[in-house]
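Engineer: Sequence:
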Amino acid sequence: MFSESFLPRFSDTDALGHINNTMVPIWFEGARTPVFKIFTPELNLSSWPLILAKIDVAFEAQMFYGHAMEVRTYIGRVGGSSFDVFQELWQQGQRVASGTAVMVCFDYNAQKSVPISESLREELAGHLYPGDS
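Anchor point for the sequence shown: position 58 equals 58 in the UniProt record's numbering, and the numbering is continuous, going up by one each time.
It should be emphasised that the hints constitute simulated quantities derived from the structure, not laboratory data. The reader is advised that the hints may include incorrect statements.
What the hints assert, rightly or not - Straight-line Cα separation of at most 25 Å, DSS-like style, residue types lysine-lysine; simulated pairs:
id, residue 1, residue 2
1, Lys54, Lys37
2, Lys112, Lys54
3, Lys112, Lys37
Please model the entire structure based on the sequences and the hints provided.
Structural biologist: Below you can see the structure in the form of structure tokens.
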């Protein structure tokens with residue numbers, strides 16, 4: 001598991017005083033950086049090996065300004081060329097949102113997916129989600 005904690009900004013709120021729903025996918029994307037580093041440690045865009053195929057987010061409770069947030073990032077399913085990144089957002093000891101991003105190993109020159117190597121599979125296995133996503 002990877003974990004990242006932060007305080008929401010005032011500008012992250014909406015007219016009702018909640019954290020705006022558009023912020024969660026942005027926070028989840030930022031918290032996927034350690035996963036990206038498994039594939040390209042220098043985060044070199046000229047040799048970027050991944051492409052995003054799908055994201056989904058479930059909102060489970062209200063989120064508020066003034067309280068720290070924690071994003072927990074895990075690896076879910078690992079397929080031949082794709083894998084799931086499962087993420088949870090926590091505030092005040094409660095899971096307030098969760099989501100999954102389907103990432104595909106991709107060769108941008110050939111414009112096609114490529115298999116996940118055995119060494120990368122081993123690295124991903126060290127971050128598997130312990131429960132049902």
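Engineer: Given the hint that Lys112 pairs with Lys54, does the C-alpha gap stay at or below 25 Å?
Structural biologist: Holds: Lys112 and Lys54 sit about 16 Å apart, inside 25 Å.
Engineer: Given the hinted pair Lys112 and Lys37, is their alpha-carbon gap at most 25 Å?
Structural biologist: Satisfied, since the Cα-Cα distance of roughly 21 Å is no more than 25 Å.
Engineer: Is the straight-line distance between the alpha-carbon of Lys54 and that of Lys37 25 Å or less?
Structural biologist: 20 Å, holds
In the structure shown, no violation is registered for any of the earlier numbered hints.
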